[in-house]
Amino acid sequence: MNKRNAVLDASFWINAHHSGVVDYLPDYFNLFVPTQVIQEVEYTPPDVDQLTSAGESFRSWRQAGQFECQDPVRPVDWFHAGENAAIGLAQEQGYVLLIDDQAPYHLAKARGLRAIASVDFIVLLYADNGLSHDEARARLAKSGPASHLKRAAAIALAVLARQRGDRDVNLVS
Amino acid sequence: MSTLYPDVTTVSRKIQLTDEEDKQLRQLSQVEHLPEDVLLRKWILDGLTHMRLERACTLYQRGQLNLSGAAHYARIGVEQMMHELTRRGIEHSPSVEQFVDGLETLADLFDKDGLRAAAAEVRKQEGLQPHKDTQPS
Chain Z
1 MNKRNAVLDA SFWINAHHSG VVDYLPDYFN LFVPTQVIQE VEYTPPDVDQ
51 LTSAGESFRS WRQAGQFECQ DPVRPVDWFH AGENAAIGLA QEQGYVLLID
101 DQAPYHLAKA RGLRAIASVD FIVLLYADNG LSHDEARARL AKSGPASHLK
151 RAAAIALAVL ARQRGDRDVN LVS
Chain Y
1 MSTLYPDVTT VSRKIQLTDE EDKQLRQLSQ VEHLPEDVLL RKWILDGLTH
51 MRLERACTLY QRGQLNLSGA AHYARIGVEQ MMHELTRRGI EHSPSVEQFV
101 DGLETLADLF DKDGLRAAAA EVRKQEGLQP HKDTQPS
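Chain order of the listed sequences is Z and Y. If you're matching positions, the first sequence starts at 1 in the numbering used here and goes up one per residue. If you're matching positions, the second sequence starts at 1 in the numbering used here and goes up one per residue.
Hints were generated in silico from the structure; no laboratory data involved. Values in this document were obtained by computation on a predicted structure and should not be read as measured data. A virtual CB, placed ideally from N, CA and C, is assigned to each residue, including glycine. Among the hints, a few may not be true.
[Claimed, not checked] In the BS3-like style, the derived pairs of lysine-lysine whose C-alpha atoms are separated by at most 27 Å in a straight line are: (1) Y:K14 / Y:K42; (2) Y:K124 / Z:K150; (3) Z:K109 / Z:K150; (4) Z:K150 / Y:K112; (5) Y:K42 / Y:K23; (6) Z:K3 / Z:K109; (7) Y:K124 / Y:K112; (8) Y:K112 / Z:K142; (9) Z:K3 / Y:K112; (10) Z:K109 / Y:K124; (11) Z:K142 / Z:K109; (12) Z:K109 / Y:K112.
[Claimed, not checked] Looking from chain Y toward chain Z, a few residues come up when the C-beta cut is under 8 Å (computed): (13) G47; (14) G63; (15) L67; (16) G69; (17) E91; (18) H92; (19) L103; (20) L106; (21) K112; (22) V122.
Build the full structure now, drawing on both the sequences and the hints.
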């Protein structure tokens, strides 16, 4: 499979971490992360002693060189620093944008960027047999999307289950 | 300069309390074994933290801030901001339309017809416009 170049936003990493699918990302994407996004994911408020688990795993990946730090020449001026850098890099380099934040996602799509949310990625993993139906459902539940999104994802999983012939799967969600 | 915070400039604020409020403050000061001014300062800082967070959530809900902007405003991390929005029932996940767009993007990127069919079914069941490439001409 041809891997695609993709830029990570903080929101995608956090949800993908909690749903336990970050380890699958390098199978599909060469990952790029702007400095501002690194600072956001690894930010620790002054009154907090340690990084969150998502921040910890992100730092481990960074230290292990599992993604490349790359900044845009010209960040966009649409949102806050992290999203601006991620969107700017996706725009300049033609990278796919991995993002779970509704407003920047919307604007990025409107400007012709290819954006993907962590829920989409979970469905892709099921389509590719990386996850069973139950595992995909469990990971969707952990990623914490709203009920409307869970329902839509369940419809997608059901269609894929029919294609795969997963007859033991309860297709009614 | 303050003797308590030698590295920062401090200012004094004057507040007025009713007799009853003053009495409560003195009582709490004794119970907590903390000077009254320390207690007052703690409550003001707690209040500022709370107000910043509430304001950040409101601005996010109105679409005036995105996730990291709201987190920055509230002086917390993006992950905690997501948690706070969820706790208040404020939607921050991508919409169903965005989810379906994402499936179609993945279908194109990795040549997955199955995902394309799944996206089309979600569009149909959720009453969304068909994808432009699949609309009948």
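A quick look at each hint next to the structure:
no.: 1; hint: Y:K14 / Y:K42; verdict: holds, 16 Å
no.: 2; hint: Y:K124 / Z:K150; verdict: holds, 16 Å
no.: 3; hint: Z:K109 / Z:K150; verdict: holds, 21 Å
no.: 4; hint: Z:K150 / Y:K112; verdict: holds, 21 Å
no.: 5; hint: Y:K42 / Y:K23; verdict: holds, 18 Å
no.: 6; hint: Z:K3 / Z:K109; verdict: holds, 21 Å
no.: 7; hint: Y:K124 / Y:K112; verdict: holds, 19 Å
no.: 8; hint: Y:K112 / Z:K142; verdict: holds, 25 Å
no.: 9; hint: Z:K3 / Y:K112; verdict: holds, 14 Å
no.: 10; hint: Z:K109 / Y:K124; verdict: holds, 21 Å
no.: 11; hint: Z:K142 / Z:K109; verdict: holds, 26 Å
no.: 12; hint: Z:K109 / Y:K112; verdict: holds, 20 Å
no.: 13; hint: G47; verdict: violated, 15 Å
no.: 14; hint: G63; verdict: holds, 6 Å
no.: 15; hint: L67; verdict: holds, 4 Å
no.: 16; hint: G69; verdict: holds, 4 Å
no.: 17; hint: E91; verdict: holds, 5 Å
no.: 18; hint: H92; verdict: holds, 6 Å
no.: 19; hint: L103; verdict: holds, 5 Å
no.: 20; hint: L106; verdict: holds, 5 Å
no.: 21; hint: K112; verdict: holds, 6 Å
no.: 22; hint: V122; verdict: holds, 5 Å
Hint compliance for this structure: hint 13 is the single one not met.
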